[in-house]
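Engineer: Okay, here's what each chain looks like letter by letter:
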Amino acid sequence: MQIVLRRIIQLIFVLAGICIVTFLLVHMVPGDPARVIAGDRASPETIEAIRQRFGLDRPLWQQFVTYAGNLFAGDIGQSMRYKRPVVALIGQYIWPTLFLTGYVICLAVPPSVALAIASARRPGSLADQLIRCIGIAGMAIPVFWLGIMMSRFFGVGLGWFPVSGYGKTFADHLHHLFLPALSTAIWMVPVLVQSLRAALIEKAAADFVVAARAQGAGEREIFWRTVLPNAMLPTLNLFGVLVAFLIGGTIIVETVYAVPGLGTLMVNSLLARDYQVVQGLTLMFAVTTVAVTFVVDLVSAAIDPRARL
Amino acid sequence: MSIEAVPASDPIKQAAVVLPWSIVVAGSIVGLWIILALFAPVVAPYDPTAVDIANALKAPSVAHWFGTDQVGRDVLSRVIHGARIDLLMCLAGVLPPLLIGTTVGLLSGYYGGTVDTLLMRLYDLTAAFPFFVLVLAIVGVLGPGLLNFFIALAVVGWVTYARLVRAEVMAIRDSEYVQAAQCLGYSDRVVLLRHVLPNAFGPVVAYAVSDAVLVMLAGASFGFLGMGAQPPLAEWGVMISDGSRYIRQAWWICTFPGLAAISLGLGLAFLGDGLGQLRRGQVSA
Chain A
20 MQIVLRRIIQ
30 LIFVLAGICI
40 VTFLLVHMVP
50 GDPARVIAGD
60 RASPETIEAI
70 RQRFGLDRPL
80 WQQFVTYAGN
90 LFAGDIGQSM
100 RYKRPVVALI
110 GQYIWPTLFL
120 TGYVICLAVP
130 PSVALAIASA
140 RRPGSLADQL
150 IRCIGIAGMA
160 IPVFWLGIMM
170 SRFFGVGLGW
180 FPVSGYGKTF
190 ADHLHHLFLP
200 ALSTAIWMVP
210 VLVQSLRAAL
220 IEKAAADFVV
230 AARAQGAGER
240 EIFWRTVLPN
250 AMLPTLNLFG
260 VLVAFLIGGT
270 IIVETVYAVP
280 GLGTLMVNSL
290 LARDYQVVQG
300 LTLMFAVTTV
310 AVTFVVDLVS
320 AAIDPRARL
Chain B
273 MSIEAVPASD
283 PIKQAAVVLP
293 WSIVVAGSIV
303 GLWIILALFA
313 PVVAPYDPTA
323 VDIANALKAP
333 SVAHWFGTDQ
343 VGRDVLSRVI
353 HGARIDLLMC
363 LAGVLPPLLI
373 GTTVGLLSGY
383 YGGTVDTLLM
393 RLYDLTAAFP
403 FFVLVLAIVG
413 VLGPGLLNFF
423 IALAVVGWVT
433 YARLVRAEVM
443 AIRDSEYVQA
453 AQCLGYSDRV
463 VLLRHVLPNA
473 FGPVVAYAVS
483 DAVLVMLAGA
493 SFGFLGMGAQ
503 PPLAEWGVMI
513 SDGSRYIRQA
523 WWICTFPGLA
533 AISLGLGLAF
543 LGDGLGQLRR
553 GQVSA
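Which chain is which? The protein sequence lines are A and B, in order. Each residue of the first sequence is one higher than the last, beginning at 20 in the working numbering. Each residue of the second sequence is one higher than the last, beginning at 273 in the working numbering.
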């Protein structure tokens with residue numbers, strides 16, 4: 020229980036830190052912040068309205084209080100380009116991204132688990148070395164390039180899949196997002212395999228495995244009954260890191276395939292200097308990562324008897 | 273009772289440590305790219321910026337091994353010159369965070385206290401943001417360009433190095449040789465720079481090489497998104513972005529810069545992995 024309490028306190032600190040960082044983000048811009056938020060082509064009236072709304076002539080800490088207050092009220096800013104609240108924009112663009120993320124996980128996890136098990140069953144074997152090399156090599160693939168090549172080959176060349184957009188029905192989504200999801204999954208599998216393999220091999224050397232072996236359990240039984248379940252916990256803990264990683268990957272891949280998701284929104288807002296959207300999205304991505312890590316911690320505390328102390 | 277001297281380390285054995293083949297191969301690939309980058313004007317067959325509209329979008333041939341792009345620039349020459357930018361990105365993207373992080377981590381791990389607590393909280397905070405998102409947001413706000421990309425990397429990246437060094441230093445801090453140096457009356461400065469730092473630096477170097485892969489690919493991605501190196505510059509990501517618009521007619525424009533990025537990335541990734549293995553091997557031997 021104490022661990023949970025400590026994690027909650029830590030969570031509050033991190034969330035406060037995230038608010039400060041995203042707040043400072045817009046203030047880092049060289050020049051008048053009101054002009055920056057309003058955009059290059061804004062009229063003097065708009066700039067003045069922004070200055071009033073955010074109190075940009077007041078001291079920094081007062082501005083932060085306003086910003087934090089707005090956050091609590093669920094207002095994370097206003098898009099200058101779309102003339103809409105950022106929350107509404109996120110609500111509109113989040114579905115393709117969620118769909119894509121789920122799709123990627125479905126495509127990436129089964130082969131990763133299979134490869135990691137094949138690799139960790141006999142560490143040092145030819146299969147293991149090959150899989151390990153794939154894991155390292157996977158780090159070197161630029162995911163946007165992979166996306167372009169796949170869209171050229173399977174999309175334009177063979178015409179099997181559309182190369183942009185999201186579609187209307189569920190089957191449409193599956194069809195449209197197949198290439199983006201596959202690109203991201205190919206990029207993600209090596210990372211997953213590496214972490215899973217490390218977890219499996221570490222657990223295979225643990226004392227309880229030696230104990231099981233001493234009791235006369237067969238190697239096959241030891242692996243499936245003892246090593247594998249124990250390796251699930253450290254894998255679960257990696258989930259927060261992987262989600263952060265996946266968010267970065269989907270931003271790029273969405274841009275390549277023009278998927279109308281949060282990544283495309285982020286990049287377009289950056290290029291259009293629509294800073295409030297950038298600020299809101301950065302905040303949302305960070306809070307998502309923190310929330311996933313937090314939930315994972317709670318779940319593993321619930322599963323792991325040692326953490327219950 | 274006789275006391276036999278046990279040498280702490282056998283000099284002959286150490287000299288005979290076999291370099292893993294991966295280090296040799298990976299090192300050669302990286303070395304080759306460095307040489308190509310250094311001598312780019314000599315090696316490249318054409319001027320990378322020379323526009324030749326008459327020869328635009330020509331397929332790979334004897335005259336242009338990698339073909340030409342939409343304004344007739346030689347893709348091979350641009351790939352070779354791009355190595356300069358992309359290697360520079362590795363260097364300028366890795367060194368500042370490494371130096372800042374090592375300094376902070378050294379002090380934080382050695383002295384502990386408030387600075388240390390502050391560092392760990394700062395690490396928690398940085399880790400809360402997806403790396404790519406935070407760097408992207410900072411670059412976006414500062415304005416697209418390579419310099420701002422490096423600034424953003426330094427701001428975000430140093431914390432990871434600091435944490436790595438801190439953990440190493442904390443393990444070394446209580447070891448006998450550090451205690452001995454302290455007892456002999458050496459100043460903290462000497463102990464830190466002469467005894468702690470050399471022993472804590474191994475994992476940092478191995479990590480930095482792997483980090484260079486991430487930085488290079490991030491830089492290329494930023495170039496692709498229009499947030500990094502800017503178009504006239506021959507940077508691989510920018511070239512891929514340019515080429516992707518003409519991919520239906522001319523596959524070669526964006527294929528070759530991608531292959532270049534992969535080969536350099538593979539070299540760096542296996543080099544980093546090999547260095548890490550070498551270090552672990554030496555520790556366990």
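Simulated from the structure, these hints should not be mistaken for lab results. A few of these clues could be false.
Said to hold, decoys possible - Among chain B residues calculated to face chain A with C-beta under 8 Å, some are: (1) P292; (2) I295; (3) Y395; (4) R466; (5) P470; (6) F473; (7) G474; (8) S493; (9) L497; (10) I512; (11) S516; (12) I519; (13) C526; (14) G530; (15) A541.
Unchecked claim - Label-pair ranges, simulated between beta-carbon atoms: (16) A:R77 to B:Y383: 25 to 31 Å; (17) B:P503 to A:R60: 18 to 24 Å; (18) A:S62 to B:W337: 49 to 55 Å; (19) A:V128 to B:S535: 47 to 53 Å; (20) B:V334 to A:S62: 57 to 63 Å; (21) A:L317 to B:L394: 44 to 50 Å; (22) A:Q71 to B:S535: 41 to 47 Å; (23) B:L371 to A:V128: 34 to 40 Å.
Unchecked claim - Residues on chain B that point at chain A, a partial pick, calculated with CB under 8 Å: (24) Y449; (25) A452; (26) W523.
Even for Gly, the Cβ is constructed at its ideal location relative to N, Cα and C.
Engineer: Under 8 Å is the threshold here; is the Cβ of B:C526 close enough to any Cβ of chain A for the hint to stand?
Structural biologist: With a closest approach of 6 Å, the B:C526 hint holds.
Engineer: How does the Cβ-Cβ distance of B:P503 and A:R60 compare with 18 to 24 Å: does it lie in that range?
Structural biologist: Holds, at about 23 Å.
Engineer: Against chain A, run the beta carbon of B:G530 and see if the smallest gap drops under 8 Å.
Structural biologist: At 4 Å from the nearest chain A Cβ, B:G530 passes the 8 Å test, so the hint holds.
Engineer: Was the hint right that B:A541 lines chain A, CB cutoff 8 Å?
Structural biologist: Constraint on B:A541 satisfied, holds at 5 Å.
Engineer: Is the hinted range of 49 to 55 Å satisfied by the C-beta distance from A:S62 to B:W337?
Structural biologist: 53 Å, holds
Engineer: How about B:P470: closest beta carbon in chain A under 8 Å, or not?
Structural biologist: 27 Å, violated
Engineer: Given a cut of 8 Å on the nearest C-beta pair, is the interface hint for B:I519 held or broken against chain A?
Structural biologist: B:I519 check passes; min Cβ-Cβ to chain A is 5 Å, inside 8 Å.
Engineer: Kindly confirm whether 34 to 40 Å is satisfied by the beta carbon distance between B:L371 and A:V128.
Structural biologist: 39 Å, holds
Engineer: Can we keep the B:I512 interface hint, with Cβ of chain A closer than 8 Å?
Structural biologist: Holds, about 6 Å.
Engineer: Would you check whether B:S516 satisfies its interface hint, that is, whether its CB is within less than 8 Å of any CB in chain A?
Structural biologist: 5 Å, holds
Engineer: Between A:L317 and B:L394, does the beta-carbon spacing fit 44 to 50 Å?
Structural biologist: About 24 Å separates the Cβ atoms of A:L317 and B:L394, which means 44 to 50 Å is violated.
Engineer: Falls inside 57 to 63 Å, the C-beta gap from B:V334 to A:S62?
Structural biologist: 58 Å, holds
The structure fails hints 1, 2, 3, 4, 5, 6, 7, 16, 19, 21, 22, 24, 25 (numbered hints given earlier, in ascending order).
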